[in-house]
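**Student:** These are the residues of each chain, in order.
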Amino acid sequence: MTDLYKTQRAMRAMRQAALTRGVIAVLDVGTAKVACLVLRFDGPGRGRETEGVGPMAGQAGFRVIGAATTRSRGVRFGEICAMQEAERAIRTALQAAQKMAQVRVDHVIACFSGAAPRSYGLAGEAEVLGQTVTEADIGRVLAACEVPDFGAGREVLHAQPVNFAVDWRSGLADPRGQAGSRLACDLHLLTVDLQAVENLVHCIRRCDLNLAGIASSAYVAGAASLVEDEQELGAACIDLGAGATGISIFMKKHMIYADSVRMGGDLISLDISKGLQVPMATAERIKTLNGGVVATGMDDRDMIDIGADCGDWEKDRRTVSRAELIGIMRPRAEEIFEEVRARLDAAGFDNLQSRQIVLTGGGSQIPGLDGLAARILGPQVRLGRPLRVQGLPQAATGPGFASVVGLCLTAAQPQDEWWDFETPAERMGALSLRRAVRWFRDNW
Amino acid sequence: MAGGRPGHGRGRVSRGAASGAGEGHGIFGPGNDPAVALMVALGPAPARGRMAGVLRVPLAPRDPAPSRLTYRLHRLWLTPLFRAVLKVGLPAYALVLGVGVFLSDIDRRAAVTETFETLRSTIEERPEFMVETLRIEGASPAVHAALAAEGPGLFPVSSFRLDLTEMRARMEAFDAVERADLRVLPGGVLEVRVTERVPAVVWRSPAGWELLDGTGHRIAFLVRPEARADLPVIAGEGADGAVPEALVLIATAAALGDRLRGLERIGERRWDVVLTRGPRIMLPEAGAVTALERALALARAGDLLERDVAAIDLRHAQRPVLRLNPDAVEELRRIRALETGAVRR
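Going down the list, the sequences are from chains A and B. So the first sequence is numbered by numbering that gives the first Met the number 0: it starts at 0 and just counts up by one. So the second sequence is numbered by numbering that gives the first Met the number 0: it starts at 0 and just counts up by one.
Wrong hints could be hidden among the right ones.
[To be verified] Estimated spans, in silico, between C-beta atoms of each pair:
#1 L72(B) / D299(A): 51 to 59 Å
#2 V95(B) / L193(A): 52 to 60 Å
#3 L72(B) / P278(A): 34 to 42 Å
#4 P60(B) / Q194(A): 29 to 37 Å
#5 R204(A) / P60(B): 49 to 57 Å
#6 H73(B) / S320(A): 43 to 51 Å
Hints listed in this document are in silico derivations from the structure and should not be mistaken for laboratory results. All C-beta atoms, glycine included, are put in the ideal place defined by N, C-alpha and C.
So here's chain A without its partners, still in its complex pose:
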């Protein structure tokens, strides 16, 4: 745990260095595409100067100066499966973005969707040392949280305090300065497979870049596509990616649960490819241009050329009705949503007052998908698009870019994490020295 603490603090220091320099890249390593944005931080409100939520919720502090997208390679289910290929894809995106920005980027914040994220809710308690709660008290209460045994080969990706309580007064977002004698906190811990993280880190190191932060795609997609009241009242963001479907539940502006289903849009394309006997690229194209999940009478007469390039006239002139295509796509979409439903049920999503569901990600562009989701997940479903940030190209404003835009927002306005607070001296084993220093400072 101490090792992780140091690693995360190092990444945090690097992120602050990048914000001071003013240029940072954000990278979304997805299954279908690798998207990279280069951000320039300048002007007032650089970094986190203001307390709380600043004007424009932190979107005004930066500007996108470079954007590039490339087809992803070597990534399956949101995890890197072929290092060389993935590295090349990342390099392509980074070089194109740097070329557009005409700036050399040294720091990158990355996100990925796979690696089986798992959520834990932690609680901790500590006595307040002085009259009022200080940052050191918060550090101590966070350190006092009882960490469950999440097993070997897992790594903590996010550890965010979501709630504080001072002497039975609960629901405090920021307890600093409050008078009390007992401080309790709830911590949301998200763990992922260590190997997936290590692979990503290795790929980014191979591109001569410093990793200044790493995030879960489900979390950042939610941060980008849920509007403020949804984040406050409670909502789930379903990020329908190509390889994995991310689920994140937000309440009181904090993520309280995240999960990922290892099924996505690629699976639908695969079904089409198998069902119609066409190559994967053609299946993807047919899905994008003619796909749907709700068939009508008109769709029986809507014939689609599926074609081929084999030289056999009969095979090259094949057609299929749109109803048949929908018949292939719909069961798979239902299966994905049922799996999502199971995860939401396990998380207790039904207990929230507002059961808003927001669909985002590239897969959410299939026509009629929101109606299908409403039948399976619950009545309040809407299609979400990421927030508009300054300088973002028109081509990168679609729902498929929710996670990369969310990464921009979290880079500009990062959520407090456990490692953002000073760890108490007991944990560092330097208590006596700290006391000696304090005594010296108090008496001289």
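With the hints as your guide, set chain B onto chain A.
**Tutor:** Okay, now just chain B, sitting in the frame of chain A:
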């Protein structure tokens, strides 16, 4: 993983064609295998076509990813310092180095200087820029002759080498010239417009007779002062420094007509008016004109100038003094004695 195959295939094709062309001169050389000999016999062009047809491989899609080296070079290129050094520093260094190396040899430096000088004189000595003649306007014959003597040694000269300021200073150094305007006119003419000084007074200086203008500047020495009898005369040391005042006094004294002989500067500070017969009028340092007008008024009223007076002393404005001649003093005393009844001794 891809990328190696098509290149390899193309390499083989080109190598086969190149060897076919290369072996063309040595058909009967040792070690030629029959295939090459056949290829040479058929000629290189059809051979290349046939080989290419056999070995053509479908091209794999190009890898869009930049190689690691390309990526690193691109990043290096985007580094501001490196970019500045490469775009500004290196060319500047190369330029300075090149010029320095070139000029380090004294012969080359001399050659460059000579080339430059030749080029310069070629341009300067074009006929359009040459000045051939001197034209003097507005000068009296004597001055004209003096100024014209400057020209002949100078011409022909390029107008670039002509130092008009210096020439002007030299021409204005002549006493008789007040102002000289020099300009180069088209057609190779250097025109000098001369404004001569106008003689105002004749000064009997310690050195001799001099002709002065209105400001007191010398125009010429006079050998025969009676040649300029039309001009008033001034005398005394330092008289040339107060010529404007003298001219005003002379104008004031115009009423005296030809009785005025001239003005004399006394002690380099004040004027005396000298008349042909009659008293000398001694004027004060300040307010000389007023004092002279007063003396003239006195003269008109009391016919003073016709009497036997040696000097009218007006140096003190409150106390004008008349100095009589010795005979007149005697006469005055006699008259006073008669009036008082005193016995003349």
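**Student:** Against each hint, give a clear statement of whether it holds in the structure.
**Tutor:** The hints, checked one at a time:
1. Distance hint check for L72(B) and D299(A): the Cβ-Cβ separation is about 57 Å, which falls inside the suggested range of 51 to 59 Å.
2. Range check, V95(B) to L193(A): Cβ separation about 57 Å, and the 52 to 60 Å hint holds.
3. A C-beta distance of roughly 36 Å is found between L72(B) and P278(A), which places it inside the suggested range of 34 to 42 Å.
4. Remark: the range hint 29 to 37 Å for P60(B) to Q194(A) is upheld by a beta-carbon distance near 30 Å.
5. For R204(A) and P60(B), the Cβ-Cβ distance of about 28 Å falls outside the hinted range of 49 to 57 Å, so the restraint is violated.
6. At roughly 49 Å, the beta carbons of H73(B) and S320(A) sit within the given window of 43 to 51 Å.
Hint check: a violation occurs at hint 5 only; the rest are consistent with the structure.
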